[in-house]
Amino acid sequence: MVYEKRSGHIGGSFSLAEIIAYLYSNFDLTSDKKYSPKLILSKGHAVPILYAVLFELGLITNEEISLFREINSPLQGHPDKNKLKFMHATTGSLGQGLSISIGHALGLKMNSSSNPCFCIVGDGEIQEGQIWEAFMLAPKFKLNNLIVFIDYNGSQNDGFVKNTLDLEPITEKILAFNWNVISISGHDMDEIDAAVKTGLNNKDKPTCILMKTQKGRGVSFLEDPVWHAKVPNEEEYLKAIEELK
Amino acid sequence: MIATRDAFGNQLIESAKSNDKILVLSADLSKATKTEKFSKEFPERFFEIGIAESNMIGIGSGLSEYGFKVIMTSFASFLTGKYDVIRVSLAYSNAPVILVGTHAGLAIGKDGVTQMGLEDISLMRSLPNMQVMQPATPIETEKMVKYILDSDLQTPIYLRLGRQPVEEIFDENYAFVPNKGVVCRDGDDLAIFVTGCLLDQVLEAVKNSKKNCAVINIHTIKPIDRDIILKFSKQCNKVMTIEDHSIVGGLGSTVSEVLSDENPTLLKRIGLNDVFPESGVPSELWEKYGLSSNKIKESILEFLD
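In the order they appear, the protein sequences are chains X and C. Numbering-wise, the first sequence is residues 1 to 245 according to our numbering. Numbering-wise, the second sequence is residues 246 to 550 according to our numbering.
Treat the hints with care, since some could be wrong.
Partial list, computed: chain X residues near chain C (C-beta under 7 Å) [to be verified]:
1) ASN82
2) ILE100
3) ILE102
4) GLY103
5) LEU106
6) GLN127
7) GLN130
8) LEU137
None of these hints come from the bench; they were simulated from the model. Here the structure is a predicted model, which is why all the values come from computation and not from measurement. By construction, the Cβ of each residue, glycine as well, lies at the ideal position given by its N, Cα and C atoms.
Pulled out of the complex, with its shape left as it was, chain C reads as follows (with noise of 0.2 Å):
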């Protein structure tokens, strides 16, 4: 098993091979958000910032004038805590740029609650033109990062990645659609839609319940894919959505307007119930803060119930 963070960072490997466009800046944390390997094998085109974010952002924006892929990398906090500098240079300026932010959600543990990016979906989703991303699993990871490391960008990408090892769910043959969520599991008494490396707890969870479950992996939060939360808020209606992140502005939220624009339905979200954290053991947290699959199947069958 590995994390989304080391299927990025192989990726980047592989498409940097064929791709002398691809740059990565760095802010000093190459070694976890795997970039470490790309520093080694295409030391000219990896830049070294130093422990200084904004500045990293605002030389992506500059470099992306130039037909430059600008990859830039941190910890989620760390890069979405600049809020100003991504709203003003990267997505009012529209510079087509990837700001990956790892260690997202409470994997990093007993680190504790500075080094989790917790709010970072929801401060993201609020910049226009912004797209945010994240994948579930490392072959989604993969193609994903294939897909728009090979594609001409428009406009500022927020990739959002996890630190643990995940599950893998899908296999070779699965393909990227962009802007698409994906149907993991079909069932018509609850539709849970998800995003991240929750996936895997969340399918846990439903394998042996008496609930038919739908489970729907979104991948793209913005832009978000009304058509599948519509087709299965139709089809279940009652609806779940779960994250590793504060329910507020995350996919719960997106869900939310979804749903009370087109087809008010029944919605409980389950993520960081607006609270900060603290320092743990990463398993001990998520049971606590309600995300093992122990506690999401309680959670479903105190919702159906």
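Chain X extracted, bound-state conformation (with noise of 0.2 Å):
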């Protein structure tokens, strides 16, 4: 896709790769159903990697994933809820969807729902100060529907975040906001599984789950920050298509 199209996040995406397809596997997220499980993805610039797994439950079809990022496509470069019906939230300005989270999963509770409403933010994101006011509010509503995901694969647009601005013991500032804070690998099935199991099961405080991830995983030479938006040439999108298979 983003190869093709010449545009596009391929770090940020593959460090995804497992949470999403756990997500798409365990909870009804294609659903039209008003009050069925919501994920909003506030890093919006991962888009493709909810396009691929759309594309794999033949919810969008070639043709569409075609015509990613092209005028006309529903396919845009950052997720519209408006144009592609999976999307829950319209996102790709970061720090908002937190807050749009937290909306949905009072929405939820208040209509009786027991579905939650996971969120996925990216660590540099988390530099944006509508995400703290966020994380100090949630646990005054009791949401304990809601999940947060932090993708922590260390590196931003400018390289890394510890470089740009570390975020540093970031465990002790969510626990103090009084959060569940739970670390996994973001790329082990096993802990990601029990970790948003632990989250649910939880009786009365949101849950956080810091996901230590790669960019780029899966292919070696992507795990550099200098992949947060580059495209692949066509030497390194074959080398990458065979270190994946």
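Bring the two chains, given one by one in their own frames, into a single complex with the hints.
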């Protein structure tokens, strides 16, 4: 998709492959029902991974995939819920998705739904102030149906997160905001499964799952921050496909 | 006399009695935005978000997916200052919520510029999907708010309200007609289009005038009532706009766009003349910045000279 269109964000999409596969396999995230589980991709630039999953599920066609980032396409450069119904929020300006997720979690609870709202934020993204407004507020409403995943791949647009604006000590910060915090590898399906179940079994707190991930996971050379929004050339593309086989 | 924000608070409670889908989100200004009474009568439908307008706007966007009428309140300046959040989480998302900005214009007086909503119409009007509304009197506010809360909203609405008590111009028979300007006074020397809480000042200014001025109340700035602007610009051949807001991007700009498109007419825009004002007693500020009935009267005479 990104290779063909010469545009898009590969690194941050690859770091989410396991969590996205897990969530779509275990929760009905493509339902038309109003009170179904929700997934808000706050780091909207990773949307190629959602399109890839929807394609695998047969919900979008090869032809639609071929129109990724093209004019007159439902597959926008960042998620657009009005153009593609499987997107649960319109995102792309970083920092906004966790607040929207609180709205969904409240909305589900007020309609007596036990379904969860999942939110995925980037590690660089939580440098945005609005994220911390949302972290501060969610425990007030006892949103135990809200799980936020931090994709801790350690890099952002201009380089490594620790050099741009270090998040550490991140676990302590979010614990201090009165959330459950669970640290896992974002590439281990068993750890993901256990963490999500622990989060959803909680009685009165929202849960933050801190996922250590690797940008460009699965392709050795994509793990460098330079691949945040870089598009592979033909040689790199073929090498990546070979490594992923 | 009460302010449009008071009428909003009263109608909110009336509507909420029969509509349990109405929710109010507050960013710590419920007393000033007149939603405190709602919070006491319907505590389970009132959400105190704290001093975090961006977060409130995002939460409202999410909640609007579940069939609620979500009302978010703060001062006009603080709300519309979160422009990118409104742009993406509400306007581009097309979340059908009601964003209520109070303390529009100079009326907060002594608190000064930071608390004054002076560019909010301009900001909100620039966003696709966003409707922009501003009632002029308590009765118009009640009817407008009732209309909004009774309708099946398809887009976000920005509702701009005033702090100061205003004279009632209308009576209980007033019927709110969406997107249509209201002719308060007919005339053929000058067409004056006014929005919001200066309507009483404008009517006072033209009351004993030698000139025959038409006064049209524009309660909905977007979408704008093009027909009434064209009709009165042709009838009077001279147009004036008056607003407690910057002349950049507000009602004046809106009317100017319509006239430029379809019927170029000499237009005088009265409002904050691309300046940040200052602290002071509101009546003195309106006088200094040309928005008191006296100053409006002078501007009319000067323009028609």
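I'd like to know which numbered hints this structure contradicts. Please list them from smallest to largest. The structure conflicts with hint 6 only, although it agrees with all the remaining ones.
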